[in-house]
Structure formats: C-alpha cells, structure tokens
Amino acid sequence: MSPDTPVSERTLVEEELIERVFWFITLRWITVAGICTTSLIAYFILNIGLPLIPILIIAACILLFNFVCITYHHYIKCISYSQYIKSHQRFANLQIFTDWIALVLLVHYTGGIESPVIFYFIFHVIIAAILLSGKACYLQTSFAVLLIISLSILEYVNIIPHVQIKELFPNIIYDNSLYLLSALFFCITSLYVSAYLATSIANQIMKREKEIIILKDNITDAYQALGKKDREKSEFTYKVTHELRAPLSAIQSLLKSIEEGYAGEISEKAKELILRSEKRTGFLLSLVKDLLDLVTGKTGKPRERDSKSVDINEAVKRTLHLMQEKVKAKNIKLTVNTTEQPVCLNIIPDDLDIILTNLIDNAVKYTQKDGAITINNYSTDDKIMIEVSDTGIGVHKDDVNKIFDEFYRASNAKAVELDGTGLGLTIVKNLVKRHGGNIDVNSELGKGTTVTVSFPV
Amino acid sequence: MANPRILIIDDDPDIVEAMRMPLEANDYEVISANCGKEGLQKAREEIPDLIILDVMMETDTEGFHVAYELRSENQDSEYKNCRKIPILMITAISQKKGMSFSPEKDEAFLPVNDFIEKPIQPKDLLKKVAELVVNKE
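From first to last, the protein sequence lines are chains C and U.
Note that the first sequence ends on residue 800 in my numbering; no numbers are left out.
Note that the second sequence ends on residue 144 in my numbering; no numbers are left out.
Next comes chain C alone, as it looks inside the complex (with noise of 0.2 Å):
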C-alpha cells in the first residue's frame, strides 16, 4: 500500500488487522494470568505434583515478551503509519513464532504429549489465520508441527526428560509408541485441519470487507455524481425559467394594455378572449416564479452573510398583510398567536417569505368561505416553531407523503383550485431544509390541516 494513499481508504482492513494485533497482546496478559492461577490450583488445591517453577518462568518470560511487545507497538506506531502497516505482518509472524517456542516448553513441563495444554495449539493457528496470510498461516502451523513432532521424539528417546505428572497420567504412555503415533497424527491433522478451516473463513471475511471497501467507494462516487447532476438539472432550470420570464412579462404587459383599451376599443369577445389568454400567461409566470424559488431551496447551504436575524412574528404580519385581500374576500376568521417576545430566527429574509407565503397561501386557498385560519409562533430551548392551522378541505391520508412531491396535486385540491403548479410546498420543504429546520403535516380529510415548520436555534 503506497504512503499516500488517503487513510481513510487503506484504514478498514489493515486497521482491523492492527487493531487484531493489539488484541493479540491483551490475549497474553490473560494467557500469563492464566497459567499462573491453573498451575498455582493444580499444585496446591489439587496436588498435582506440577514442575512449579519452570512453569511459572515460562509465565513470567511470556509477561516479559508482551511488555517487549506492548513498546515495540507503541514505537513503531509512532515512526509512520505506512512503515507501521508493513512492520505489523512481521511483527505479527514474530509474536506467533514465539508463542509456539513457550506452548511447546509449557507442553513439555506439563506432561508432553498426554498434556491438555496441548489443544492450546489450535488457538495459535486460528489466531494465525486470522492475523497472517494464508501462506504464512500454513508455514507457522508446520513450525508448530515440527515443535510438537520433535518434542515428542526427544522425549520418546529420552534426549529430553519426559515430565511424567503421575496425578493425571499414573500409566507411563510413553513406552506404547503406537498410542504415541495415534496420539501425534490426530493432533497433527486438527491443527491442519484447523489452519484449512480458519483461513478459509478468514479469506473469505477479507474478501467480503474488499467488496463492501469498492461498494462504498462505488456508492460514494454515484452520490456525487448525482448531486452534481442535480445541481446541474437546478442550474439548467434556473437558466430555463429566466428565459422564460421576460418575454412571458411583455405578453402579459401587452396583453394587459390591450384588454385596457389602450390600443383602441376592442369587441367584448375579444376582451373575454384577452382575459383568458392572460389567465394562462398568468399561470406561466406563477410556474416560472416557483421553479426559481425551488431551484433556490436545492442551491444548498446558504451563506452566512445572506441570513438575518428575523422576528417571526414581524414575518407573519408582513406576509398576511400582503394577503389580506384574500383573507377579507372569504370572510375567514384570522388568529395569530404571537409570543409577546420578539422570536428571533436567523434566516434568508427572503427564503423566509416565501416559505410564509406559500403555507399561508394554501390555508387561504384551500380553506372555504367562513371558514378559519390559526398562526402559532413558538419557541422551545431549542427550536423555533411555526404552525398554520386551517379548517379546509384538508389531505387524504394516502397524499399526505406525496404533497411534497414536485407537481402533484391531490385531487381534492384541484377541484377546489383548478390553477396551481403544484410546488409550493415542495418550495418550503426544500428551503425549510436549507435551513436546517423540519416540516410536518397533520391533515384530517374535510376537517382541516396543520403544517408545522421548526427551525434549530
């Protein structure tokens, strides 16, 4: 792995292997522990007539070992992260290697062959498996082999003084060399065996981690490519729509002239014709101004310097005030409950009009003569919260997700409104979300709906 390869790629494997390293260390305060209270059990609670001292020198050699370990860890973790990845296989093959050497003494001090701690061995391989490749997994269970094997010999032909622990073994099963054999070829196979199985397993784990490293690459790359094609569709429709603005504002100022009589007396039915095609015109400049507020709610985080703080409560009026008009031609009953405090939100002015005018638009809308129209501001510790309650048509609970969807319309809605683009609330969801904030509905069909918008302090 070169040096500069990012860390945040070359971590996932090679951390864990690291981290496995460690855990390894850790392992052997437990393994030195260990041997000292079983052997320290067996000689006085037990009677075991263990060779006591060998075995705990052998504990305490280990002890000396992993605190050798422990330093060299933190040292070469200190030099570079890259030379730190390439001494860890090695130092990894040592630590085993040397394991091996103090299992094989503790085998022999405990009775050879016939000794229980010889199934330790089978942890060795796992953990092997586990740290090494493949290869080297094999190479270090053949070592173990050839210690166990030559072990055996020197003790079967006395070069070494077999440690006879009469308490568990009263019958010397040294002089039956065909117990021996069987004895050597089952143990042999299982740490074979073992070293098959475990690298297997940890070969196809490494394997698994790999694929799901590219997945993530993968996904990540296909992330952002489809925020830049977003950004790309919102510039594009932000270019689209002022173009097409301008010349549908000279149509409509013409047309307007025209319907005046200001270009001489026309027939009424070229009146009733002008008033309709204003209609349409005028539906096309509303779609033209919601797409640029929406592709204003998709341009991102806004910049500091465009945000203000803004009283809530002064949004509101300003907002109603402008549609009073609509609000009087219904007869609605108005209630705005304010704080007595100003609630003061840091917001684009401008984004918080439009999310104001689009929510109180909809209540006005979608609210029927004589009906009412309830505005709560509020504040917590941590949120500011706005609330536009009304008594209207209300949303189908099968619409309430698609609401926000760009262009749909409920079907109830377009009954009572024929003209609408359907985005204004796709519009506040998104600059809602520009600003951190979160919107909710609450709608009961025929009953009324309540939209509920919280900003972070």
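FYI, nobody ran anything at the bench for these hints, they're computed from the structure.
Every residue, glycine too, gets a C-beta built ideally from N, C-alpha and C.
Accuracy of the hints is not assured; some may be wrong.
Claimed, not checked - Short, incomplete list of chain U residues facing chain C, as computed with Cβ under 8 Å:
1) Ala9
2) Pro11
3) Asp19
4) Asp21
5) Ala25
6) Met28
7) Pro93
8) Thr98
9) Pro118
10) Asp121
11) Ile123
12) Lys125
13) Ile127
14) Pro129
As the list claims (entries may be wrong) - Below, simulated EDC-like cross-link-like pairs (lysine to aspartate or glutamate); rule was C-alpha separation at most 20 Å, straight line:
15) C:Lys632 to U:Glu124
16) U:Lys130 to C:Glu603
17) U:Lys130 to C:Glu608
18) C:Lys582 to U:Glu31
19) U:Lys134 to C:Glu602
20) C:Lys582 to U:Glu24
21) C:Lys582 to U:Glu69
22) U:Lys130 to C:Glu621
23) C:Lys708 to C:Asp654
Unchecked claim - Chain C is nowhere near these chain U residues, computed Cβ spacing over 10 Å in every case:
24) Arg12
25) Glu24
26) His72
27) Glu80
28) Ser84
29) Asn88
30) Lys130
31) Asn142
Since the structure of chain C is already known, use the hints to place chain U on it.
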C-alpha cells in the same frame, strides 16, 4: 403647461410599447432608450420629468449602474442636472430576491424612488407615475 415627459430605459421593445400605450393615452410624452448608455445620454439631453428604468438589460445589474450614475454626488458629474429626476425601477417577479433594500430605508444604497413589477399592470403604472411626477413638481 407642457405634458410631462417620461424616459423609459428598457431593452425589451415590447415592454416599452406596453408602457407607452397607457402613458400616451394619459397625456404623457414618452421617450425611450434601449440600453443604459443611450438612456444616460437621453436623460442628460432631455432632462425628463421621470425615468422608468429596467434592472436587467445587457447585464443583470445594468439598471443599478444607470441609477448610481444619475444620482452621483460628484460635482463634475455629467449628470448633475439629472439628480432630481425621480426614478421608477422595473423589477421582474421574484427578482427582488437577494436585494435586501426598500426605497424608504435604503435610499442611499439604491437611489430609486419606487418599484414596479413586471408584468406591467397599466393601472399600477399610471398610479405610480402620477405620484412621482406630482411629487416632483
């Protein structure tokens, strides 16, 4: 008394025409310019009673520059005779976004007297024009 003269600076001839019709029908004399440069020149030569100025022409902010030029405090400004001419600025829908000023509070920042939105509503236009011209007199 001569009819009040209005200079419309806008690069969209259709918008100019849409404004010209109701204005002329109400006895205003209309002069037009289709870019900022021509607008400034006509303002200096004609000294109209009102200037109707579009924001976006060749550039997105050309109208602003024209307004600043006309209101320049500089003693040697070629437009020092235009300083008192009221300006009615045309903005398109949602164009005011990002311009955090209002004619009352930020006069120093954006030296115009009032705004009118595109598409032009003749009644609205005539009302605002009448107010500005009367105030000037």
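Which earlier hints turn out false for this structure, listed by number in ascending order? 1, 2, 7, 8, 9, 10, 11, 18, 20, 23, 25 and 30
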